[in-house]
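Since chain A is already given, all that's left is putting chains B and C on it; use the hints.
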Amino acid sequence: GEMAKSTQLIDNEVFRAYATYTAIVLLKMMLMSLITAYFRITRKAFVNPEDTASFGKGESAKKFLRTDPDVERVRRGHLNDLENIVPFVGIGLLYALSGPELSTALLHFRIFVGARIFHTFAYLIPLPQPGRGLSWAVGYSVTFSMAYRVLKTVWLL
Amino acid sequence: GEMAKSTQLIDNEVFRAYATYTAIVLLKMMLMSLITAYFRITRKAFVNPEDTASFGKGESAKKFLRTDPDVERVRRGHLNDLENIVPFVGIGLLYALSGPELSTALLHFRIFVGARIFHTFAYLIPLPQPGRGLSWAVGYSVTFSMAYRVLKTVWLL
Amino acid sequence: GEMAKSTQLIDNEVFRAYATYTAIVLLKMMLMSLITAYFRITRKAFVNPEDTASFGKGESAKKFLRTDPDVERVRRGHLNDLENIVPFVGIGLLYALSGPELSTALLHFRIFVGARIFHTFAYLIPLPQPGRGLSWAVGYSVTFSMAYRVLKTVWLL
Chain A
31 GEMAKSTQLI
41 DNEVFRAYAT
51 YTAIVLLKMM
61 LMSLITAYFR
71 ITRKAFVNPE
81 DTASFGKGES
91 AKKFLRTDPD
101 VERVRRGHLN
111 DLENIVPFVG
121 IGLLYALSGP
131 ELSTALLHFR
141 IFVGARIFHT
151 FAYLIPLPQP
161 GRGLSWAVGY
171 SVTFSMAYRV
181 LKTVWLL
Chain B
31 GEMAKSTQLI
41 DNEVFRAYAT
51 YTAIVLLKMM
61 LMSLITAYFR
71 ITRKAFVNPE
81 DTASFGKGES
91 AKKFLRTDPD
101 VERVRRGHLN
111 DLENIVPFVG
121 IGLLYALSGP
131 ELSTALLHFR
141 IFVGARIFHT
151 FAYLIPLPQP
161 GRGLSWAVGY
171 SVTFSMAYRV
181 LKTVWLL
Chain C
31 GEMAKSTQLI
41 DNEVFRAYAT
51 YTAIVLLKMM
61 LMSLITAYFR
71 ITRKAFVNPE
81 DTASFGKGES
91 AKKFLRTDPD
101 VERVRRGHLN
111 DLENIVPFVG
121 IGLLYALSGP
131 ELSTALLHFR
141 IFVGARIFHT
151 FAYLIPLPQP
161 GRGLSWAVGY
171 SVTFSMAYRV
181 LKTVWLL
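Chains as they are written, first to last, in our numbering: chain A, 31 to 187; chain B, 31 to 187; chain C, 31 to 187.
None of these hints come from the bench; they were simulated from the model.
Predicted model, so just to flag it, every value in this text is computed and none were measured.
Note that CB positions come from ideal geometry on N, CA and C, so glycine has one too.
Misleading hints may appear alongside valid ones.
[Unchecked claim] Distance windows between CB atoms, simulated:
id, chain 1, residue 1, chain 2, residue 2, range
1, B, Val77, A, Tyr178, 31 to 41 Å
2, C, Leu187, B, Gly86, 41 to 51 Å
3, C, Ser90, A, Ser133, 46 to 56 Å
[As the list claims (entries may be wrong)] Below, computed lysine-lysine pairings styled on DSS-like, alpha-carbon distance capped at 27 Å:
id, chain 1, residue 1, chain 2, residue 2
4, A, Lys87, A, Lys74
5, A, Lys58, B, Lys58
6, C, Lys92, A, Lys74
7, A, Lys74, A, Lys58
8, B, Lys87, B, Lys74
9, B, Lys74, B, Lys92
10, C, Lys74, C, Lys93
11, C, Lys182, B, Lys58
12, B, Lys74, A, Lys92
13, B, Lys87, B, Lys58
14, A, Lys58, C, Lys74
15, A, Lys74, A, Lys92
16, B, Lys58, C, Lys58
17, C, Lys58, A, Lys182
18, A, Lys93, A, Lys74
19, B, Lys92, C, Lys74
20, B, Lys87, A, Lys58
21, C, Lys74, C, Lys58
22, B, Lys74, B, Lys58
23, C, Lys92, C, Lys74
24, C, Lys87, C, Lys74
[Said to hold, decoys possible] A few chain C residues facing chain A, derived, Cβ under 10 Å:
id, residue
25, Glu43
26, Phe45
27, Thr50
28, Ile65
29, Asn110
30, Val119
Pulled out of the complex, with its shape left as it was, chain A reads as follows (with noise of 0.2 Å):
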C-alpha cells in the first residue's frame, strides 16, 4: 500500500543516515538567519526603511540604516553555508541512493557536517586562517568525493 512504499527509501540505513545528516547541517544553515537578525538587533543595523520604523520617523530612525561588521560576517558565512551545502544535499542523495557501504557513507557525512560546523564557528568568533580555509576545503572535498562515485556508478550522459 502507499505507507509501505512511503517507508521503503526510509527504511534503507545509508538514506537514514544521510537524512539525518542533512536534516542536522540544513538547521545549522537556518541558524545563521536568527543570528543575523540577533546583530541586527543588537547592533541596530538595517537594511530596509519600513524596518527601522519602529524607531521614529526621518532621520532619527534612518540612521540605523547601515552595514555592521558583525552582520556582514554572518552573512558571508550564511552565503558560504548556501554555496557549500547545497552540492552536498543535491550529491549526497545520489550518493545515498548509489549504495554505499553504511561506514563508508557515514564517514562522508560525519567529516562534511562536522567540518560545517567548525567552519561556522572560524567564521564567525574569527578564528585565525587557515583554520576556515581548511574546514572549507574538507567539506568541498568530501561533496567532490560523493560526487565522484556517483558519477562512476550512474553515468549515463
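Just chains B and C now, kept in the frame of chain A:
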C-alpha cells in the same frame, strides 16, 4: 519494468503533494529573476559593463552601471528565498519520505508556500513590519517542524 | 535486502541521467568557489581581516581588504548559478520521478547543463550580450518545461 519503478514514489499521495508545492514555490523563486530583470531594465541600473553596451560607448553607458533601491530590494527578496526555500525543499523531501499523514503533510506544505508568497508581496510592496517578519517566521517554523519529525523518524548518527 | 532497495531508483535510466547531469552541474557550480579563491589571491582582494594576516599587521595588510572587479564578477556568476541550479536540481528530481521518456529527459538535462556551462564562460570572459542573457533564458526555460510536466503529472494541491 523501468516505468513501474519510476512511478512508485510519484504514486504516493504525500510525495505528489510535496512535488506540487515544491514545484510551485521553486517557480515563485524563479520569478524573482524576471522581476529583477524588469527593474534593471526600467530603472536602467546594471552591474556588468557588457549589459549597457546597447546604450552606447563610454560615459553615456557608464552612468547606467549603478545600484537602484528597487533592484536591490528584489535581490534581497530573492536571496531570502534561497535561504529559506532550499531548506524546505531538502527537509521537505525527507519529511515526505518519512510517512506522515497526508492531511498533516498538506498542512505543512500549504502554510509554507502561502507564507513565502505573502513574504514576497510584503517585501516588494513593501508592507509595514511585522508583516514580512511574521511571514518569514511562519515559513521557518514549518521547515523546523518537518525537520523535527524527520530526525525523530530516521535518526541514525 | 537493503542493497536491492537502495539501488531501485539508481537502476532507472532516467534517474541515472538525472544523477549524472546533476552531479556535473553541481560540480561546475562548486568550481566557482575555486575561481573566486584564485582571483582573491592573485588580485590580493580580500574581505575578512583574518585572511590578510599573512601580509603583515596594520596598514600594510589593510590595503588588501578591498573589492576587485574580477572577484565580484565571479561571485555574481556563482550567485546566478545558485539561483538557477537549485530550481533545476529540485524540479529535475521530481521530473525524473514523473516517468518521462529517456530521450525527452536527456534533451532537457543536456540543454540545461550545456546552457549553464556556456553561461559561465559568457560571464567570465565576458562575451558581449545577448550571449549571457540567452544562455540564462535557455536554462530557465528548460527548468520551466520540467516544472510544467511535474505539475501536470502529480498535481495534488
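Against the structure, the hints:
1. B/Val77 to A/Tyr178: 31 to 41 Å: holds, 35 Å
2. C/Leu187 to B/Gly86: 41 to 51 Å: Holds, at about 49 Å.
3. C/Ser90 to A/Ser133: 46 to 56 Å: holds, 49 Å
4. A/Lys87 to A/Lys74: Holds - the C-alpha atoms of lysine 74 of chain A and lysine 87 of chain A are around 15 Å apart, at most 27 Å.
5. A/Lys58 to B/Lys58: holds, 25 Å
6. C/Lys92 to A/Lys74: holds, 26 Å
7. A/Lys74 to A/Lys58: holds, 24 Å
8. B/Lys87 to B/Lys74: holds, 15 Å
9. B/Lys74 to B/Lys92: holds, 11 Å
10. C/Lys74 to C/Lys93: Since the Cα atoms of lysine 74 of chain C and lysine 93 of chain C sit roughly 9 Å apart, the hinted pair holds (cutoff 27 Å).
11. C/Lys182 to B/Lys58: holds, 17 Å
12. B/Lys74 to A/Lys92: Answer holds: lysine 74 of chain B to lysine 92 of chain A is near 26 Å, not above 27 Å.
13. B/Lys87 to B/Lys58: At roughly 36 Å apart (the allowed maximum being 27 Å), lysine 58 of chain B and lysine 87 of chain B break the hint.
14. A/Lys58 to C/Lys74: violated, 31 Å
15. A/Lys74 to A/Lys92: holds, 11 Å
16. B/Lys58 to C/Lys58: Status holds; Cα separation ~25 Å.
17. C/Lys58 to A/Lys182: holds, 17 Å
18. A/Lys93 to A/Lys74: It holds: about 9 Å lies between the C-alpha atoms, which stays within 27 Å.
19. B/Lys92 to C/Lys74: holds, 26 Å
20. B/Lys87 to A/Lys58: violated, 47 Å
21. C/Lys74 to C/Lys58: Holds, because 24 Å separates the two Cα atoms, which is no more than 27 Å.
22. B/Lys74 to B/Lys58: holds, 24 Å
23. C/Lys92 to C/Lys74: holds, 11 Å
24. C/Lys87 to C/Lys74: This hinted pair holds, its Cα atoms lying about 15 Å apart.
25. Glu43: holds, 6 Å
26. Phe45: Holds. Min distance 8 Å.
27. Thr50: Because about 5 Å separates threonine 50 of chain C from the closest Cβ in chain A, which is inside the 10 Å limit, the hint holds.
28. Ile65: Violated, about 12 Å.
29. Asn110: Asparagine 110 of chain C check fails; min Cβ-Cβ to chain A is 12 Å, beyond 10 Å.
30. Val119: holds, 5 Å
When the structure is compared with the earlier hints, violations turn up for hints 13, 14, 20, 28, 29 and for no others.
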